[in-house]
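J.: Line by line, the protein sequences give chains X and D.
First residue of the first sequence? That's 14 in this note's numbering, and the numbers climb one at a time after it.
First residue of the second sequence? That's 620 in this note's numbering, and the numbers climb one at a time after it.
It should be emphasised that the hints constitute simulated quantities derived from the structure, not laboratory data.
The beta carbon of each residue, even a glycine, is placed where N, CA and C say it ideally should be.
Errors might be hidden in some of the hints.
What the hints assert, rightly or not - If you want the footprint, here are the derived chain X segments under chain D, 3+ residues with CB under 8 Å:
id, segment
1, 85-99
2, 142-151
Claimed, not checked - Cβ-to-Cβ under 7 Å is the rule here; a few derived chain X residues that face chain D:
id, residue
3, A133
4, P138
5, I139
Stated by the list, open to error - 20 Å max Cα-Cα, derived DMTMM-like pairs, lysine to aspartate or glutamate:
id, chain 1, residue 1, chain 2, residue 2
6, D, K736, X, D23
7, D, K710, D, D806
8, D, K710, X, E129
9, D, K634, D, E693
10, D, K710, D, E688
11, D, K736, D, E786
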Amino acid sequence: MSGLGLYTQDMLRGAVLTLELTAGGTVVSLLAGAVAAVGRMYGPKPLRALIVSYVELVRGLPAILQLFVLYFGLTQFGIDLSSLTAAFIWMCFYGTGYAIEIFRAGLSAIPEGQHEAASALGFGPITSFRRVIVPQAFTLMLPPLTNFVVLELKNTTLVYFIGVHEIMFQARLGAGNSGNPLGVYLVAAGIYVVVNVALGRAGAFLEHRAAAAH
Amino acid sequence: MSSDVVVDIHNVTKKFGDRTVFSDVSLQVHRSEVVAIIGPSGAGKSTLIRCVNHLNSFEHGTITVLGEEVHGTEDHKSRPSRQTLRRIRTKTGMVFQTFNLFPHLSVTENVTLAPMKVLGLPKDQARERAERLLAMVGLSHRASAYPRRLSGGEQQRVAICRALAMEPEIMLFDEPTSMLDPELVGDVLDAIRRLAQEGMTMILVTHEMMFARDVADTVLVMADGGIAEMGAARDVLSRPRTERVRVFLDRVLRHTASDVESPGTASSITPVGGSTG
């Protein structure tokens, strides 16, 4: 299995790209998703309708289709994105759609009585949100948010189809050239497993911290 | 009891969509007066009390709380400003049927949060206030516990402390004991009774008729979209003038052991707290 070492190196380089895409996509999606979720829940009707349509689009259309439209489709309008740029834009676009729903579900799970108690005590909407609603919603949202990061991670494999040199791209190359496809793919799988275990641990740690605060 | 009117509910009509919950309801609450609002379900008792601190808006009429005026949404007057609402809500305290304690905060934190963040009270002063209030309701030993560890009666007493920590001039109770197991009701009623004896102005929506007769100065019976009867607690509860109220009281009291009608029972109960005000 000596040949595997070379392909492993390539795949690890791909892994760096995978992780960068995952991290970048997650951060942007969570920030944009949080803002959009607030708009979705408390904004004016036209804004709400817009956000709802956006979420339905993202969740309803196949991911690959969205990616291809962005990368191949937009060239018809003279917009020529590099595969990496298109990949990142798509991951943010897709991730935000899912993040909005996670935040919305978490926020609406907080009983109306909590809002009322805060209002009755004289809290304005922003302070009540910050001190009463969000702390409670955060605990509820941690499990789906950890799942979300794993989802983003798996999404990176799709960008293989537009030529981004992430893990699967390198794995495919290695599988073809090495004559040992199983070995190569097992190494790729191993990389994903390691990342997932790390994410799982991080998620559990955060959940413990949140629970311990009570 | 002074003649100072602290809450003036004037010709208020409340609708939910097409349905009118109550119309043209008027009530004046004086300082240190205890007003009990009773009546069948759906009559709008909770809705009315929630209009006082504007948790519900209303369509017509005016509610004035300690000089702050709020108008009906369909009366073509301006909506209450953020400042007006803040002033009303910091001077009124509300206790809910479902307690609504903040589960992510300890008992003490629940009581100190609003004084610190809304009134700007420094932490040590807020804690002192919380300690005093918790001691008053007999819950000092629960100061660092979290709400989910407390019984319903304990949670409600903490909720009372949380409202009192803002040093309100008026307390609003929305069926404070309706969700409690019978044996826990007494402690909460005791706390409310003590408040009344200390001269707190209170509006209390309740199903506890004996308690209302004990503690209230005025009783308001809401039914059929309006006020069925209003008057001195003893009068309304012992000698109702309208058939509607008589039927209601009869039905309610048939489930309880004591007999409202007997003058002997009435005289054996301690005088109402409001008269000390």
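J.: Would you list, in rising numerical order, the hints stated earlier that this structure does not obey?
T.: When the structure is compared with the hints, numbers 1, 4, 5, 6, 7 turn out to be violated.
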